[in-house]
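Trainee: These protein sequence lines are chains A and B, in that order. Those letters in the first sequence? Residues 1 to 90, by the working numbering. Those letters in the second sequence? Residues 1001 to 1454, by the working numbering.
Keep in mind that the hints were calculated from the coordinates and are not lab data. Fair warning: there could be bad hints in the mix.
[Claimed, not checked] List time: in silico DSBU-like cross-link candidates among lysine-lysine, alpha-carbon distance up to 35 Å:
| id | chain 1 | residue 1 | chain 2 | residue 2 |
| --- | --- | --- | --- | --- |
| 1 | A | K67 | A | K2 |
| 2 | A | K80 | B | K1453 |
| 3 | A | K19 | B | K1065 |
| 4 | B | K1246 | A | K3 |
| 5 | B | K1047 | B | K1246 |
| 6 | B | K1453 | A | K3 |
| 7 | B | K1265 | A | K80 |
| 8 | B | K1054 | A | K67 |
| 9 | B | K1016 | A | K3 |
| 10 | A | K80 | B | K1065 |
| 11 | A | K2 | B | K1247 |
[Said to hold, decoys possible] Now the in silico label distances, taken between C-beta atoms and shown as ranges:
| id | chain 1 | residue 1 | chain 2 | residue 2 | range |
| --- | --- | --- | --- | --- | --- |
| 12 | A | S35 | B | D1051 | 44 to 50 Å |
| 13 | A | T52 | B | S1093 | 55 to 61 Å |
| 14 | B | G1268 | A | E70 | 34 to 40 Å |
| 15 | A | Q36 | B | K1054 | 42 to 48 Å |
Given the structure is predicted, the values throughout are model-derived calculations rather than measurements. From the three backbone atoms N, C-alpha and C, an ideal C-beta is built for every residue, glycine too.
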Amino acid sequence: MKKIIITVVGKDTVGIIAKVCAYLAERKINILDISQTIVSGYFNMMMIVDMTASDVHFSEMCDELDKVGEEMGVSIKCQKEEIFDMMHRI
Amino acid sequence: MINQREVLETNAMIEKENLDVRTITMGISLLDCIDGDLNKLNENIYKKIYDSAKDLVSVGDYIAKEYGVPIVNKRISVTPIGLIGGAACKSPSDFATIAKTLDRVAKDIGVNIIGGYSALVSKGMTTADELLIRSIPEALSTTDCVCSSVNVGSTKTGINMDAVKLMGEIIKETAMATKDNDSIGCSKLVVLCNAPDDNPFMAGAFHGVTEADRIINVGVSGPGVVKTALEKVRGEDFETLCETIKKTAFKVTRVGQLVAKEASKRLGVPFGIVDLSLAPTPAVGDSVADILCEIGLERAGAPGTTAALALLNDQVKKGGVMASSYVGGLSGAFIPVSEDQGMIDSVKDGALTLEKLEAMTCVCSVGLDMIAIPGDTKDTTISGIIADEMAIGMVNQKTTAVRIIPVIGKGVGEQVVFGGLFGYAPIMPVNTFSCDAFINRGGRIPAPIHSFKN
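With the rest of the complex left out, here is chain A (with noise of 0.2 Å):
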């Protein structure tokens, strides 16, 4: 399984789990966990995206996520799940 953290960050408006969840279901990449809160009016989402099955290059997704992001006004940063691991698990 190739695990990506995938964080959105910025200020809330409608439809952005919408828009990135349609972009990664039409680049094949599964969800495998989402979770959101609302900090003082600012949006904070992460999810746990498997792209196993998907056609797409790492660094494409993550150039086409960041101008999904731009559009909407929000920061979106792709990150390898190991890094989490190797810092949060022994």
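Fit chain B to the given chain A structure using the hints.
Mentor: Then chain B, alone, in the frame of chain A:
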């Protein structure tokens, strides 16, 4: 599964607290490049380095993108050139051609710095070593990316005082040769005692002769992360303080370990070590001095500073050692002056003197680092400062170093700007009483006794 709090914590470290991987350094052995013909030697060196490291920058950038953590520098260290050039170089200028080759290949590959224009003379100097040392002013004034280091002492061999004396002169000559540029050449030159073979940090990095043909060493950083973690335990006792530093050091080092393993896999080069150092930068919030203040000092340099630094250094090691399979290099807290905004402020406020810095080097990872002194400081005084620092390393079985910059044309109270990661520094006063007769004796200081520890 990873939860949102953990993801947010990691990303806050990266985005707000300056967590980064300071350097991926590829060590490359040049022993198989040796040739009696200078042109052929230069050609061999260029080819070996280029072929070994041509993908280093692109792989480093790609890893940074995948994990979302900045990798600030990609560097190369090579076998000490004093060992490589002996057969072909008959003059200092011959050696300087190798420096130019190193500079050229570093630029062609796109790495930030290349280290290893070095000589290991802790007991004695070969003719080649001495020629290399004498070529340093030319080498550093005619290149941009080359770093030079000279190991003049060790716990096992004592201190080579002839080399110490010579280095006082060479530092001044290097300052003169780069005087139009605020003597910046000296920021690329370090004198060491007990230099490690696998250090990824500059200016002291070289690829030791006990190392494999090629190796990947990684240096992590993160003073800002430690500082932020300590803000949450203000007023708590030492146990809580130490536990917090250890846990934070663990997390920071894990990132280094991950990056080192990935880089090693993708470049097909064995993983060497992770260096656990807390390396500051001039950026606000990326300061070791600020950690000392957070521990409870008004300014770095106040009474208690040495104890606070000793504690910090030790806890960073304790936390980091478990996080990496192989730890090496310098591993500890760096205390450069010009590269740390908190240190600069302390010097400006009169809280931190050269003598206090010297005391601090007894318990930190390296030594007197990036310190600007008046340009008219005598050669022998510089040698005396080096000798003191080497003695601390020799007796305490640790690495110590001196990277000091006599800024030609400037005096105490003035300021010098090096730019970039090198930062800026106020020029510090130096004790001007003479040590001429001591330095001019010649010979070496014998190795210390290894028993009767007191």
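Trainee: Are the hints correct? Go through all of them and say.
Mentor: Tested hints:
1. The hinted pair formed by K67 (chain A) and K2 (chain A) meets the criterion: a straight-line CA distance of about 22 Å does not exceed 35 Å.
2. With a C-alpha separation of about 50 Å, the suggested pair K80 (chain A) and K1453 (chain B) falls outside the 35 Å cut-off, and the hint is violated.
3. Between K19 (chain A) and K1065 (chain B), the direct Cα distance comes to roughly 23 Å. Compliance with the 35 Å bound is thereby established for this hinted pair.
4. Restraint check: the Cα-Cα separation between K1246 (chain B) and K3 (chain A) comes to about 29 Å, which is no more than 35 Å; the hinted pair holds.
5. Distance restraint check for K1047 (chain B) and K1246 (chain B): the Cα-Cα separation of roughly 43 Å exceeds the 35 Å cut-off, and the hinted pair is therefore not satisfied.
6. For the hint linking K1453 (chain B) to K3 (chain A), the alpha-carbon distance of about 54 Å lies beyond 35 Å, and the restraint is violated.
7. The straight-line distance between the Cα atoms of K1265 (chain B) and K80 (chain A) is roughly 16 Å, inside the 35 Å bound, and the hint therefore holds.
8. Distance check on the hinted pair: K1054 (chain B) and K67 (chain A) sit about 31 Å apart at the alpha-carbon level, within 35 Å; holds.
9. Pair hint K1016 (chain B) plus K3 (chain A) holds up; C-alpha atoms about 25 Å apart against a cutoff of 35 Å.
10. Restraint check for K80 (chain A) and K1065 (chain B): the C-alpha separation of about 9 Å stays at or below 35 Å, so the hint holds.
11. Distance hint between K2 (chain A) and K1247 (chain B) is fulfilled; the C-alpha atoms sit about 28 Å from each other, no more than 35 Å.
12. One distance hint, 44 to 50 Å for the beta-carbon pair S35 (chain A) and D1051 (chain B), holds here, with the actual separation near 47 Å.
13. Range check, T52 (chain A) to S1093 (chain B): Cβ separation about 59 Å, and the 55 to 61 Å hint holds.
14. Between G1268 (chain B) and E70 (chain A) the beta carbons are some 37 Å apart, a value that agrees with the proposed interval 34 to 40 Å.
15. For the pair Q36 (chain A) and K1054 (chain B), the supplied restraint of 42 to 48 Å holds, since their beta-carbon distance comes to about 44 Å.
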